[in-house]
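K.L.:
Residue numbers (our numbering), protein chains in the order written: chain A, 1 to 185; chain B, 1 to 172.
Quick caveat, the hints were computed from the structure, so don't treat them as lab data.
Every residue gets a Cβ at the ideal spot worked out from N, C-alpha and C, and that includes glycine.
Hints may contain errors.
Said to hold, decoys possible - Derived DSSO-like pairs: lysine-lysine, alpha-carbon spacing no greater than 30 Å straight-line:
#, chain 1, residue 1, chain 2, residue 2
1, B, 30, B, 58
2, A, 8, B, 30
3, A, 145, A, 159
4, B, 169, A, 8
5, B, 31, A, 68
What the hints assert, rightly or not - Partial list, derived from the structure: chain B residues whose beta carbon lies under 7 Å from chain A:
#, residue
6, 11
7, 108
8, 142
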Amino acid sequence: MGTSNHNKRSSSLIQGLGFGIIFGFLLQKGGVTHYDVIIGQLLLTDFTVVKIMLSAVLTGMIGIHIMKSMNWVTLHPKSGSIGKNVFGGLIFGAGFAVLGYCPGTIVGAIGNGHLDALTGGMIGILIGAGLFAEFYPGLRGGILKLGDYGNVTLPQILKINEWFVVVPVSILILLLLLWMEIAGL
Amino acid sequence: MDYFLDIRWSPYGVGIGIGILSWLSFLLAKKPIACSTSFAKTSGLIERLIRGSRVESKPYYQEIRLDVDWQWMLVAGIFIGASVSALLSGDFHWRWIPAAWESAFGDSTSLRIIAALVGGICLGFGARWADGCTSGHGISGTMQLVLSSWVSAISFFAGGISAAHILFKLIG
Chain A
1 MGTSNHNKRS SSLIQGLGFG IIFGFLLQKG GVTHYDVIIG QLLLTDFTVV KIMLSAVLTG
61 MIGIHIMKSM NWVTLHPKSG SIGKNVFGGL IFGAGFAVLG YCPGTIVGAI GNGHLDALTG
121 GMIGILIGAG LFAEFYPGLR GGILKLGDYG NVTLPQILKI NEWFVVVPVS ILILLLLLWM
181 EIAGL
Chain B
1 MDYFLDIRWS PYGVGIGIGI LSWLSFLLAK KPIACSTSFA KTSGLIERLI RGSRVESKPY
61 YQEIRLDVDW QWMLVAGIFI GASVSALLSG DFHWRWIPAA WESAFGDSTS LRIIAALVGG
121 ICLGFGARWA DGCTSGHGIS GTMQLVLSSW VSAISFFAGG ISAAHILFKL IG
């Protein structure tokens, strides 16, 4: 029993590493392990980050909802609130602009040889995460609960079949990508 | 095989690849691709090394648990995958200061390191506050059409675009 749990844990860890290697390879090939590309997106001069994200969301959304209809997968929605997602998101965004990497791409940036990511950036993220753990007891009952909406999905809020959201969102993403190409962004 | 030696792939190709990787992670690992919790675990694990096991009793670490798990290994894998890709294409270079930073703020290494440190603190703090980052909320959550992830992703970019403009247009 102990051995089988141990094997299960080992194979889960190896699988995670494999997913990460492919993810990191793709991020580097996409150019988003570079500060210049990320900051170009935030300054609205280089749309690589948004193009990658939107095509990932489009592909992923359609596939996952097909697999969900066939009962192959279940969703893993995170619960949230205005206090959590808006305030946390804005703090994150400010850090994103000053650092020029996000938690996933900074690890890729280190693999790419960026020493600002390895030193200041990495140490900063670890300090920031540790500070949050320190302040968490004071935040969790207050601002993190402000405007709580739980782990709802957009189809659940609109009380419609999920395909009535998947299809329009897909069309919207395609139109946005098309517009970026036409506008030469 | 020449394809693997290219410096850049089309962003659409990369995005579709990440989308397909997400199908596989839902199907095989039964969890979405995400990164930032692993930084909180690492931070806690380092603190535990210094201050001992009482660190584990902090309420936040009780929730996320201080262990090396699937997602932690995924983050480690990103380092390997990005290194392999950069080395194959010759895009690997040791650099302290990115070009876009240097042209706006000069070639002081210490200024760049301090900015990266301050930015990193906000990023790490904000990612835990929002309960996710550009991958967990921005890609994996939005594709599941989760409200908290759409609100977060919009806030990430609203904050990021505003801060980048203030930094580069007003200060730089």
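K.L.:
If a hint holds in the structure, say so; if it does not, say that too.
P.N.:
Against the structure, the hints come out as follows:
no., hint, in the structure
1, B/30 - B/58, "holds, 28 Å"
2, A/8 - B/30, "holds, 14 Å"
3, A/145 - A/159, "holds, 24 Å"
4, B/169 - A/8, "violated, 52 Å"
5, B/31 - A/68, "holds, 13 Å"
6, 11, "holds, 4 Å"
7, 108, "violated, 12 Å"
8, 142, "holds, 5 Å"
The structure fails hints 4 and 7 (numbered hints given earlier, in ascending order).
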